[in-house]
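Residue numbers (the working numbering), protein chains in the order written: chain A, 1 to 699; chain B, 1 to 100; chain C, 1 to 502; chain D, 1 to 481.
Don't read these hints as lab results, they were simulated from the structure. In this text, a Cβ means the ideal position worked out from N, Cα and C, and glycines have one as well. Among these hints, one or two may not hold up.
[Said to hold, decoys possible] A few chain D residues facing chain A, derived, Cβ under 10 angstroms: (1) V43; (2) V46; (3) G93; (4) G208; (5) G215; (6) M225.
Spelled out from the first residue to the last, the chains are:
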Amino acid sequence: MLLSEAITQGPEFFSLAPWIIFFPVIGLLINMSFGGRMKERTIGILASSASGLAFVTSALLAISLLAHPEGAILPLAEWISIGDLQLNWSIRVDTLSTTMMLVVSGVGTLIHIYAIGYMHEDVRFKGDPGRYQRFFVFFNLFIATMMILVSADNYLMLFVGWEGVGLCSYLLIGVWYDRDLLGRPGTENALAGSKAFIANRIGDFGFLMAGFTMFWTFRTVTFSGVFAQVSQIAEIQPGAILAITLFMLLGVAGKSAQLPLFVWLPDAMAGPTPVSALIHAATMVTAGVYLVARSAPLFSAVPEAQAWVAWVGGITALFAATIAVGQHDLKKVLAYSTISQLGFMIAAVGMGAYVAGMFHLVTHAFFKALLFLSGGSVILGIERGHHHLDHENHHDEEVFDPGDMRLMGGLRKKMPVTFLVFTVGAVALAGIPPLAGFFSKDEILAEAFHLNFPVYILLAIAAFFTAFYMGRQVWLVFFGDPRHPAADHAEESPPVITTPLIVLAGLATLGGILNLPWVHTFTHWLEHTFETFHLHLHPGKFNLLIAIISTALAVLAIFLAWLLYGRKPLLKNQADPLKKILGPIFTGMNRKWYVDEAYDHLFINRYIDLARFLSIKVDWDFWHDWFHDRVIVAAYRQGARILAGPIDLGIIDGIANGLAKFFQAVANRFRKLQTGYVRNYALAVFAGVVVLLGYLILQ
Amino acid sequence: MVPISYYIILSAILFTIGAVCVLIRRNAIIIFMGIELMLNAANLAFVAFANQHQVISGQIFVFFVIAVAAAEVAVGLALIVTIFRTRKSIDVDQLNSLKG
Amino acid sequence: MTFFSNPLNLVTLFPLVGVLVILFFKQEQKKEIRWTALIVSLITFGISIWVLTLFDSGDPDLQLVINLPWIEIASWTISYQMGVDGLSILLVLLTAFLTPISLLSTWTAVEERVKDFMIFFLLLEVGMMGVFLAQDLFLFYVFWEFTLVPMYFLIGIWGGPQRMYAAVKFFLYTMAGSVLMLLAILWLGIYQGSFSVPDLTILGGIPAQVQLWLFLAFGAAFAIKVPMWPLHSWLPDAHVEAPTAGSVILAGVLLKMGTYGFLRFNIPLFPQAAVKLAPWMALLSVIGILYGAAVSYYQRDVKKLVAYSSVSHLGFVMLGLFALNQQGIQGGILQMINHGISTGALFLLVGIIYERRHTREMDDFGGLWKVMPVYGALTLVVTLSSMGLPGLNGFAGEFPILLGAFGSEAIGSSWYAGFATLGVILAAVYLLYMFQKLFLGPLDKDENKAVKDLTVRELITIVPLVILIFWIGLYPKPFFTLMAPAVEKLLTVIQAASLALY
Amino acid sequence: MTLIDFTSILPLIFLVGWASVLLLLDIFLTRKVEGLTAILAGVGLVTTLAIAGTNFGISTSAFNGMIKADGFSSYLQILFTGSGLVGIALAYGYLKRMGIDRGEYYPLLLYSICGMILLAQAADLIVVFLALELLSIPLYVLAGFARPDPASEEAALKYFLLGAFAGGFVVYGVALSFGATGTTSLTGIVAGVASGSADIGLLLVGSGLILIGLGFKVALVPFHMWTPDVYHGAPTPVTAFMAVGAKAAGFAALLRIFLAALPVLAGDLVPVFWILSALTMFAGNLIAIVQENIKRMLAYSSIAHAGYIMMAMVVFGQELITSDAVASSLFYLLTYAVTNFGAWSVVIALEGAEGQGLKLEDYKGLGKKYPLFAAAMLVFMLSFIGVPPTLGFMGKFYLFRTVLEGGFVWLAVIGVLTSLLSAYYYLRVVVNMYMHEGDPEIYRDRLIQLVSVVGAAAVVLLSIFSTPLFRWVSRAVLKMF
């Protein structure tokens, strides 16, 4: 079936498309079933090659797209078909989706390879080699679900991937489900996973609502079907489309960690570094951006929605950037920087600068993955050092956080390669020409400048902060002197780890050429997709002024960072110099502006209280015990008792006695009388007689 | 001649007296006599009505009632005697071991 | 077709053969008794598959009908009418499928009075089959009441400490509803002159006002069984006290008798009332969904948590049915099956750990995944299916339900569906909480360090369910195609009614 | 007297004769033969059964309309003689066990049955009264049969005094009715009413008094208060026989008089019936809950069931369904008889000396120790509740149908709800039998085992294949009007 479809689509490799999903699935099945009996390395290589093959397939698809830019749709099977609700498993190959496939599988493969080395050491430091297999199974599962997400040709299949990646992130954050962040026994990681899943679920709620509205508006949820009708629906009921897009925005906020749902991403750093790099930096979190770009026709139809999206992105970008400045944990800084960069992308796609957004998505995937991985390499290095200490002097029992930048310093000598690549990534992120980050970010800023000036301001400031905290991080980590013996004994990572880093560093450097100004390769590449929905992309024109401003800002920021952290490096146990300058503001940054606490108080605790109240008070005490057991049952038994006692022997007796008394009164003249039981019964009969006859006679 | 209603009223009074007797006396024999009184009140009514309607069957009924009453007396007294044997008393107020 | 060659009669009455055989064993011959029961139930499952093969999924009407005059009361001829159609075929299969699994789960759990247990269990299967197949109201009522007795004993004899209380409560509550239904049935018999459901459906013509009363009378019986909020109070007791197999069947099949009742009787027989009351039913369902979810979250006893989650899940089913459009109803029917599978599996899993640790308090666990990886993985899948993860069966049911409810004319407002969708979030909250309390976190209790992973027998009970979870999740088409024509037929009735109304 | 007169009361004549012979035999038989009287009594009843069976279907009125012989009476005669047989079966072992094995038991039983048979045929108020006394007087004696057991004696005296008291009302009622119409024959009364020569008010009061007398016999609330004490005190087989026979007989008279003969008074009497039946169902079922003694519990349950049968009389006056009403109540009497005898048989099996084994606790563990008895008892309890597939359910089904047909929806609702209440105390027995540990002791008694097992089987099977029963019942009421 699959092949016949392919023939009708064209002679190229489109028919291979399903394999981007099947390869990783095969990989995970093998690892799951036989991993127990395989050597670690085999597991790792198998998983990596599964992902690698997926990359090759995507590449083939890309090549075939060069010839047939209109792309192809490959229906695999019917899924849910009820009445006019027709959902299929079918894959959409076009320039947009293929771009995502390339990024996911490409970066994914590199990270897989990196993870072979990383997890090898990690499981040993944490002392449970069993997790190695589990990790790679989940890792492949992630690639598979992510591929489903990007290759879907309808919103529901996309949703499958959408929730699938959420699940994977839950599982991978919780790989060390029995530890806390510092590897001690605890539930912290597990909770972080749940937090991520539930935050995502809130987003998914939005997605589902969007889906319902969409179906009842368009009577279909396939991309082509929906986009074809947008124009006329926009005339009739723009409200519906607005609703759809805003609901979607909620979903995006959940998945891409935007305000107000971003809180899960920092906690997600509980997962091993490769997870942070792949899922929480390079690919999964960008799904939101992809969704908006994918739904471009819908968003373009309702400017209000676009404004909303842009503002959410802009504010998040700045908000997260400020928080990043105040972090001490190496990965936390990167996490917030990720949120901030995602803000850039969301803002871009929100403004309608889809190409710019996607472009930044790609470059960001390169350098942010690079940063995380090299950061992971740093952490490994520190842990190696710490390990050595353990071996030298066993009295070392103090809790040690290998990710705390205040304990690092001077690592550029210990880990030269890592230092080099990390710096490349940092510079790229800071947006210094000619590295990738410069071009992509600059395109966004340029677009913003024209399309939505206030958001431009936000983003510009965010860019400034970005440069600053990256500078701060580089100086804190690599310069000065080691502030902890572990850092002093740190060692460079093995080639299996560094090689992917170098590759990524290359990409981060050269990524810019994808969409050089005046050339717009990437724009033209994506145009094919957007044209099919009659959506015309204006190539973002290069604006020298903007470029100069942003570069200047970046340089200034880095200079400031040097002033604070470079000139006289931080000493052991010395407070962060910013603290002196900013005081409470810094604390606020450091404490993430207390968003988590606010949420706890406003929602989570309230819900728990509600649940407690409902289950204990309402359902059990009131409804179950009081109402059912007391009221119903007791009333019933009491009624019985009363009837058996008072009424049967009492009231009827009572009537009897009453009558008896009456007769007593009458007969007392003559004789003292007493009444007794048999006669009570007789009296009951008599009472009956009286009542009945009374009634009958009154008739 | 005496109007029929007098007879009926008389029989009603007798009947009530009998019932009241059942209700207020403790001695089984007396109670039983009360019942007999009720039956005979009925008999009076029968005779009266028979006279009113000029049909004989009413009076025949009286014989039946008397006969039945006799039978009841036999059984009733037998029972009372047995009770008396075991309890040395025929006070119905002492027959209260069965209740609830 | 003679009485016994009719596959429906076979699938219904065959378990009686097992009962007869078991009667000849002695209490001590536990092994023989267990095997007999299992084999008989497996054969019954085989017969149900045979029924499936004979079933023509294209035909919207009743099939394999057997219709014999049965009892003559004065002017009435009550007929023994059995038939299967798209609305019931899946439930028949589910019943036949869950029974052997539950029996297998009792292998080591039930040690005393095995003979009585198996007899009651097989009788229960007869009753349930009858309920789903009977097409004559009288016959239906007979089976319906008949299921009470065995379940009553399963809870009351083999249950937990509070078992008698729970058993009596179960009996009285269910009976309270069904006596009213009996009156409604009699009313139909008197004024419509027939008990046969298909005839009554065609006959129609009950005045709207009367329909309302009859709907409520039938509804009382079914709503208690479902159970719809706020009539759910018997459920936690029954579930917590019942033995594992009992809970599995109770959640898996008995509750479905309620939802099925709405689908089979309330909607087609009193369509106008159904259309009129749809918003109210939807309201109760939504309250049930959210309420059940919230209450589940605060339970400390795993079994109780799952019990309350049923209130939430069946809220979805009811919401779907009373969306009164194709998506809603088909989703609802599928969700009945899904709930049977997922919740059944959950109860099995809870039973497994209970057998090992003799506690169900979540605080007594933690980090089990380390010692029971297989158990953990399977539980994870079931949990995810229960919270409606796309690609697993739960979603294939919940999505059409919510979609249908969202656009349902009968319900009339999208708010219901909106709030119901919030239940999807809450489901994740309490289920993840449960999973985390049991399997994640450090393995710090010594009693838990020793527990063994699943035995082969236990695997055999769980794996089929998990396979179904994936199957329905990824490719539910065959299930939908089975029910589609019957549902479309039902919809024509509803449309006619709503036209008559407005 | 013509031949037809004889044939119409042939069962009666035969049984009276046989009973008297038996009595004499018992006196003059110098050397007691083990169980001879019992067997002879049984033979007599079987013969009566045969005669009644052959009489079935004829419809005549004899002795100038004082006696009717129709399907109705034959049906009831068969029911009565049947219960007589069971009564003997239950009593035989019991009397021995309790050491009250006196020969006159069986003749007395037969005499009482004679009374019932006559009552079923009575078409004249005089005959009604005579039959009533003929059935009651032996029962007074039987109730006290366990003398010198004080409980038994007390029961007897209470029953006697109150019975006689109620009898007084019947007589006076008859007198008034006679006064109102100048005749005591039912047909005559109907005619009198029709011709308008009757004094309706007086007739109403008279019929009210008769209703009270009969209501006492069938134990309608508030005329029920003797029932628990008498049932409790009387020897259990007698209780069983009373619970079934006397009640059935009472209803025979009620149905005959009120459903057939006095439709004109419907307007006035229906509300009375409504109240009585509702009150009886409610009180009976409710009070039964707190009983700890199974005999008392069953006593109250029998009160409640009287209420159910009473429901059928509410629809009287609606010509179209009166036959249904009679048929349904006749059928209910049958189901009630079978179930009741079964239940009592189990009670007798467990009863020990000095009223041991009559508490509900004494049933704990029965399910484990005597599965057969427990299963039987379970079936009877379910039948009492009205859970299908049991006769009890079929009976209620038919009854409720009649009531709904009559349009008395709320009465039907009360009926089903009270039957729900009843589930509560019937289940207590089941809970004790199956869900509690205990070590009950039953007395090996073939006959009783037979009764309970056959009874249970009948309760289930007859409900599944109940068509012939329904046919029979409908034929019984065919030529009644």
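Now the hints, each set against the structure:
no., hint, verdict
1, V43, "39 angstroms, violated"
2, V46, "38 angstroms, violated"
3, G93, "32 angstroms, violated"
4, G208, "5 angstroms, holds"
5, G215, "8 angstroms, holds"
6, M225, "4 angstroms, holds"
Of the numbered hints given earlier, the model fails hints 1, 2 and 3; all others are met.
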